[in-house]
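Novice: The listed protein sequences correspond, in order, to chains U and Z.
By full-length UniProt numbering, the letter at position 215 of the first sequence is numbered 215, and the numbering carries on one by one without gaps.
By full-length UniProt numbering, the letter at position 40 of the second sequence is numbered 40, and the numbering carries on one by one without gaps.
If you're looking for bench data, these hints aren't it; they were derived computationally from the structure.
Heads up, a few of these hints could be off.
Calculated from the model, a selection of chain Z residues having no Cβ within reach of chain U, i.e. all distances over 12 Å [said to hold, decoys possible]:
1) A43
2) L220
3) I329
4) F409
Coverage of chain U stretches by chain Z, computed from C-beta distances (three or more under 8 Å per stretch; other residues unrestricted) [said to hold, decoys possible]:
5) 99-107
6) 126-133
7) 146-155
8) 196-204
9) 246-259
Yeah, the Cβ is synthetic: ideal placement off N, Cα and C, and Gly gets one too.
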Amino acid sequence: MDPISRLSRRGILGAAAGLATAGTLARPGLAQPRYPSRPLQMIVPWGAGGGTDATARIIAALLEKELGQPVNVVNRTGGSGVVGHSAIAMANPDGYSIGIITVEIAMMHWQGLTELTYANYTPLGLMNRDAPGVQVSASSPYKDIKALAEGIKNSPPGKLKASGTGQGGIWHLALVGWLQAMGLKPDHVRWVPSNGAAPGMQDLVAGGIDIVPCSIPEARAMLDAGRARSLAIMAPQRDPQFPDIPTLKESLGVDYQTAVWRGIGAPLKLPAEQAATLTAALQRVYKSNEYSEFMKSRGFGMDWADGAGFGKVMAETDASMGEAMRAAGLAKA
Amino acid sequence: MTDLLEGFRLVLQGDVLIAILASAVYGLVVGSLPGLSATMATALLVPVTFYLSPIAAVATIITASAMAIFSGDIPGCLLRIPGTPASAAYTDEAYAMTRKGQAEMALGTGLWFSAVGGIAGTLALLVMAPALAEVALNFSSFEYFWLAVLGLMCATLVARSSPVKAIASMLLGLLFSCIGMENPAGTPRFTFGMTDLLGGIEPLPALVGVFAVSQVMRALAEAEPPPLPRRRFGSIMAGQWALTKKYPKPMMRGNIVGIIIGVLPGAGADMAAWVSYAMSKRFSKEPEKFGTGHPEGLVESGASNNASLASGWVPALLFGIPGDTITAIAIGVLYMKGLNPGPTLFTERASSMYALYIIFILANLIMIPLGIVMIRIAATVLRAPRASIMPVILLLCAVGAFATGNNLFAVMLVAFFGTLGYVMERNGYPVAALVLGIVMGSMVEQSFVTSLIKSDNSLLPFFERPISAVLAVVTLGALLWPVAAWLMRRLRARRPAAIAAAHRP
Chain U
1 MDPISRLSRR GILGAAAGLA TAGTLARPGL AQPRYPSRPL QMIVPWGAGG
51 GTDATARIIA ALLEKELGQP VNVVNRTGGS GVVGHSAIAM ANPDGYSIGI
101 ITVEIAMMHW QGLTELTYAN YTPLGLMNRD APGVQVSASS PYKDIKALAE
151 GIKNSPPGKL KASGTGQGGI WHLALVGWLQ AMGLKPDHVR WVPSNGAAPG
201 MQDLVAGGID IVPCSIPEAR AMLDAGRARS LAIMAPQRDP QFPDIPTLKE
251 SLGVDYQTAV WRGIGAPLKL PAEQAATLTA ALQRVYKSNE YSEFMKSRGF
301 GMDWADGAGF GKVMAETDAS MGEAMRAAGL AKA
Chain Z
1 MTDLLEGFRL VLQGDVLIAI LASAVYGLVV GSLPGLSATM ATALLVPVTF
51 YLSPIAAVAT IITASAMAIF SGDIPGCLLR IPGTPASAAY TDEAYAMTRK
101 GQAEMALGTG LWFSAVGGIA GTLALLVMAP ALAEVALNFS SFEYFWLAVL
151 GLMCATLVAR SSPVKAIASM LLGLLFSCIG MENPAGTPRF TFGMTDLLGG
201 IEPLPALVGV FAVSQVMRAL AEAEPPPLPR RRFGSIMAGQ WALTKKYPKP
251 MMRGNIVGII IGVLPGAGAD MAAWVSYAMS KRFSKEPEKF GTGHPEGLVE
301 SGASNNASLA SGWVPALLFG IPGDTITAIA IGVLYMKGLN PGPTLFTERA
351 SSMYALYIIF ILANLIMIPL GIVMIRIAAT VLRAPRASIM PVILLLCAVG
401 AFATGNNLFA VMLVAFFGTL GYVMERNGYP VAALVLGIVM GSMVEQSFVT
451 SLIKSDNSLL PFFERPISAV LAVVTLGALL WPVAAWLMRR LRARRPAAIA
501 AAHRP
């Protein structure tokens, strides 16, 4: 499988990418005599062109500079992310196969879609974290999060509708967690499944639904256009890129927080020195100007944790997602 | 005015012009390979845009996607392998022209009317973007439901076979679209415990299978047709001018339908091509010629397809809502380059906006000469012996399917749909209707179920909301029209008989 995928990628990218990589390859390699001595592959469980793909490609491009070896991005899509996540876990733990792991790893196994959990990986580094905001339409009667919370409490169950992802998706669980933290039933606000945040935001403005709890970068265009308002962010502190949006805790006194994240991982049993090399390289990537410029331009949140830290983030998310999914009746057994 | 001049200055930079030319050639080549989609061509450009100036970066995306969509018609026309779900609507027509020895004519029609549609779409973007975006924003799931049903009904209009077989084939497509967990409930259906089926059936492997692989299988089973006579084909473009004069109305209708469907996020080029082809047949003076290599449908759907591509940028630029996968990628690039989508892009950064318009028009103009060269080169494929073409097609299908997700499962899907397509065609079931069912299925279900959730299970909003009501009337009218026509014919036929009976002594 590898030679073919590499071949087709090469063929397609052609001269343009060839030139681009040649520039970076010309630099002398790091003072690592043995590892890495050949190209790496980075598996992306989601399709080309999405946010995860873009993040993986910038990390790969910068990692290439750090390691002195090409890092090929391979999109292994299918099975709603299960196929690609399995491919990362099943790869040869020789340090030449790494992958980008997304928050879905903490959700899929609860739904009974796979046996895989975060424990099937060697975590290398957390690269990004985005907390959901609470968005309402610009014409909504709720001007701040307090008014919205009151409105939700006083409305009959199921009257208000929210959307922004599929049934049991990350933003659905964020809503469930928030409702529970306010002492309400998980289905007090009814979830309308959608194919992602953008159609949800459109339906919000079209008047079809009342709330979209998606990440703020996903809502940004509508916020900038003055069509929607973000009332609060479900994070421990305000986002430096959107300093006007208060946290749930400071504005409502409800201490609930969740987030989507993306990190780099490898199969289990990766030798410790290779893991250390990769984590160190990832940290330099994270600190580089190119990375922070890219993340800022896309509006993605920056958050770094080393291997052990990333493992802890995954374990915590896994537990909280399991709780929310059981509450919403989405977990299998 | 100064903004317009500044826009020209931004575009007429060395790096931008080189980016346009290089990505044009790149888009043409990738798009013409069967199985490699325009989306993939665009996605693979993203890492390259890291190194480009903002305008040059956006220019590569615009140019490459426009070229790839056009050149996706080339294998469709020559080998009956549509490059995109959009071109599946008229692949059979174009291939029929090829079999009549008019390959260059069919491709030229695709080229010329694609360019015309692209420019019309750009002008719509230029003049009416804010107004169009307002209309698009009023579309909720209720309206999309009717649109999707309207799209499904095209299956019977487009097919040349019996309507019953076309409907059966479409329903099979709908059944395939039920597979996976990408449904409103998020529950896996028909997955039989297979992880690969969780994501459902992607339209692309199905498309490549039913059209291309079944074609290879047919070639194995049937005797080689007599080789096409070698003849000197005149100017490709002269014929197009004649077509433009002959079919001005279908062309305009295609442009308008394309623009309207294009601005609706979630509808896009696929539906535009299908609806336009069906409309063209419905309103044509000679509908019996459709499917036998008649250019009229190509004129209308080709124009519509590309008009919708340009107008699909309206919601993307104003509200960051992607109209299709290509604009989704483009939005990422816009953000990365600091050209954040939003109304301010049209006011504060008007010069950049003008630069985008100019790039759109340039891309559509440059498409004509480059496209002619491409057609001349590609047409030589027809002279190659079949025994050497067919294995290459099969290989390209497998590689293309694999490349979409680096997943062997897609290759098996292609093989499955190839076999299915062969059996269906042998028995007179149109495969295009199957593809339509797969493409539209999730939209019909998603829009229906989410509408019901929003309305607390009331059906009234489907008819209450103003736009929804209009669409409902159009859909139900089109659905009931054949029944009404049949009843009227019967009544009319019966009346003279009844009168005659009454007069009998």
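Novice: Now look at each hint and say whether the structure bears it out.
Specialist: How the hints compare with the structure:
Look at A43/Z: its CB is around 3 Å from the nearest CB on chain U, not clear of 12 Å, so calling it non-interface is violated. Residue-level check passed: L220/Z sits 25 Å from the nearest beta carbon of chain U, beyond 12 Å. With a minimum CB-CB distance of about 4 Å to chain U, I329/Z fails to clear the 12 Å threshold, and the non-interface call is violated. Not every CB of chain U lies more than 12 Å from the CB of F409/Z, the least distance being 6 Å, so the non-interface label is violated.
Requiring three or more residues with a Cβ within less than 8 Å of a Cβ of chain Z, the coverage given for the segment 99-107 of chain U is violated, as only 0 such residues are present. Judged by the Cβ-Cβ criterion of 8 Å, the segment 126-133 of chain U is not covered by chain Z as claimed, because only 0 of its residues qualify and three are needed. Using a Cβ-Cβ cut-off of 8 Å, 0 residues of the segment 146-155 of chain U lie near chain Z, which falls short of the minimum of three, so the contact claim is violated. Residue count for the segment 196-204 of chain U with a Cβ under 8 Å from a Cβ of chain Z: 5. That meets the three needed, and the coverage hint holds.
Residues of the segment 246-259 of chain U with a Cβ under 8 Å from some Cβ of chain Z number 0, which does not satisfy the need for three, so the listed coverage is violated.
Violated hints, listed in ascending order, are 1, 3, 4, 5, 6, 7 and 9; each of the other numbered hints is respected by the structure.
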